[in-house]
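Now for the letters of each chain:
Protein chains: 2
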Amino acid sequence: MATEQPRRRADAERNAETILSVTRDLLVGGSAPTMSEVAAAAGVTRMTLYGHFATREVLLEAVVRRAVAETDDALIALDLDALDVDEALDRLVRTSWPMLDRHRKVRLAAIDQLGHAALRDQHDAAFRHVDQLIARGQKDGVYRADLTREWLVATFYAVLHAAADEVDAGRLTSEAAPTTLVATLRSLLHAQ
Amino acid sequence: MATEQPRRRADAERNAETILSVTRDLLVGGSAPTMSEVAAAAGVTRMTLYGHFATREVLLEAVVRRAVAETDDALIALDLDALDVDEALDRLVRTSWPMLDRHRKVRLAAIDQLGHAALRDQHDAAFRHVDQLIARGQKDGVYRADLTREWLVATFYAVLHAAADEVDAGRLTSEAAPTTLVATLRSLLHAQ
Numbered sequence: 001m002a003t004e005q006p007r008r009r010a011d012a013e014r015n016a017e018t019i020l021s022v023t024r025d026l027l028v029g030g031s032a033p034t035m036s037e038v039a040a041a042a043g044v045t046r047m048t049l050y051g052h053f054a055t056r057e058v059l060l061e062a063v064v065r066r067a068v069a070e071t072d073d074a075l076i077a078l079d080l081d082a083l084d085v086d087e088a089l090d091r092l093v094r095t096s097w098p099m100l101d102r103h104r105k106v107r108l109a110a111i112d113q114l115g116h117a118a119l120r121d122q123h124d125a126a127f128r129h130v131d132q133l134i135a136r137g138q139k140d141g142v143y144r145a146d147l148t149r150e151w152l153v154a155t156f157y158a159v160l161h162a163a164a165d166e167v168d169a170g171r172l173t174s175e176a177a178p179t180t181l182v183a184t185l186r187s188l189l190h191a192q
Numbered sequence: 001m002a003t004e005q006p007r008r009r010a011d012a013e014r015n016a017e018t019i020l021s022v023t024r025d026l027l028v029g030g031s032a033p034t035m036s037e038v039a040a041a042a043g044v045t046r047m048t049l050y051g052h053f054a055t056r057e058v059l060l061e062a063v064v065r066r067a068v069a070e071t072d073d074a075l076i077a078l079d080l081d082a083l084d085v086d087e088a089l090d091r092l093v094r095t096s097w098p099m100l101d102r103h104r105k106v107r108l109a110a111i112d113q114l115g116h117a118a119l120r121d122q123h124d125a126a127f128r129h130v131d132q133l134i135a136r137g138q139k140d141g142v143y144r145a146d147l148t149r150e151w152l153v154a155t156f157y158a159v160l161h162a163a164a165d166e167v168d169a170g171r172l173t174s175e176a177a178p179t180t181l182v183a184t185l186r187s188l189l190h191a192q
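Protein sequence lines correspond, in order, to chains A and B. Every letter in the first sequence is one number past the one before it in the UniProt record's numbering, and letter 50, counting from 1, is 50. Every letter in the second sequence is one number past the one before it in the UniProt record's numbering, and letter 65, counting from 1, is 65.
Misleading hints may appear alongside valid ones.
The list treats identical chains as one, so a pair stands whether inside a single copy or across any two.
For lysine to any residue, the following SDA-like pairs were computed, each having C-alpha atoms within a straight-line distance of at most 25 Å [stated by the list, open to error]:
| no. | residue 1 | residue 2 |
| --- | --- | --- |
| 1 | Lys139 | Arg171 |
| 2 | Lys139 | Ala176 |
| 3 | Lys105 | Arg8 |
| 4 | Lys105 | Thr18 |
| 5 | Lys105 | Thr173 |
| 6 | Lys105 | Arg94 |
| 7 | Lys105 | Ile76 |
Everything labelled a hint here was simulated from the structure, so no lab data went into it.
Make a model of the complete structure from these sequences and hints.
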C-alpha cells in the first residue's frame, strides 16, 4: 500500500497529461471531440476520463490553460531582461510565434465550443512579456516615446494577429512569418 | 402631369435619402430598428418606406453601400496621386478616420442584423486607395521593399482596427487617433 500510492499518482498524472495532449491535438486538427472520443483517443476508460475532468467544459478549459502556461514557461526561459531589447524582440517573436499560432487554434476551437465567457479569465501568456519589453525599450530610450506603451502593445498584437490571418489566408507562410514580424515590429517600435 | 413627374421624382429621392440617413443614425446609436420605427423616425408612411426598400435586409444593405460610397467619394476628392506619398498618407488617414469609425459602427450593426454572408460583397471603400498609395511609395523607393505590398496593406488595416478597438476601450480618444495612426503607419511603411 505504501509503495502503491506513489505509482498510482504517477499513473494518474500521466493519464491527465495524455488526455490534455490528445484533446489539444483533436482541437488543433479541427474536430470538436465528445468525451467518448477523447477517452478512445487517449486510451483510457470513460470512468478514468471523468475522474480527471468532471465535464467537457472543465477539460477544454484545462487544455487552454495548459497552452497558456507552456507559452509563458518558454518565454520565461528566454530571460529576455538579460538581452539587448532588439535581440529580446527577435527571440520573443521567434519563440512565441509557433506557440501563439497553435495556442490560437486551440483557443478558437475552445471558444467555438465554450463561448467567450468561459475563457474570460484566460489571458494571453505573452502579454506581460511584450509589455515589459516595450516598457524597458522606452525607459532606455531605444524605443520611441512619441507613442504610449499601451498603444505600442496594442499595435504589436494587431500586427501579430494580422500575420496569423495572412497565414490562414495563404498569403504568408508560417515559416516566413517570424522574419516578417520582426522587421515590421522593429520599425514600429523605433522612432523614425 | 408633365410638370408633376419631376417633382414626384425629387420627392421620392429626398425620401429615400432621409430613410437611409435615419436608419444609419439609428444603427450608429446602437438600436436595431424595425421597419415601423424607421418609417416613424423618417416621417414617412410604411407604404412609402416599403415602396423604396422592399425588405429590412434591402434597407440595411443600402445603408452600408451608401457609407462605403461616401468614404470612396471623399478619398477620390483628395486626389492622393497628385501628392507626395507621406503627405498623401497623412491626408488619407485624417480624412478617412472619422468615416471609417462611423462606417465600422454601421457595418457591425448591419452584420449583427444580417449576418456576414449578406455583406460579403461590400468591400472596404478605402482599400484600393491604401493599396495604390503603398504601391506608389514602393515603386518610388520611398516605402520599404523588404516587405510585400500585401503585407504592408494587411498591417495598415490591422493598425487602423487596433485604433478603433483602443477608442472603444477608452484608451485612445477618437480625436487623437489620426495623429497616432499617422506616426505609427509612417514608421511601418518606411524602411528602418
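Okay, the hints, checked on the actual structure:
1. Lys139 / Arg171: between (36 Å within a copy, 21 Å between copies)
2. Lys139 / Ala176: between (31 Å within a copy, 23 Å between copies)
3. Lys105 / Arg8: Close neither inside one copy (33 Å) nor across copies (57 Å); limit 25 Å.
4. Lys105 / Thr18: within (19 Å within a copy, 45 Å between copies)
5. Lys105 / Thr173: So lysine 105 and threonine 173 pass the 25 Å test inside one copy only (16 Å; across, 32 Å).
6. Lys105 / Arg94: within (18 Å within a copy, 36 Å between copies)
7. Lys105 / Ile76: Within one copy, since 22 Å is at most 25 Å while 40 Å is not.
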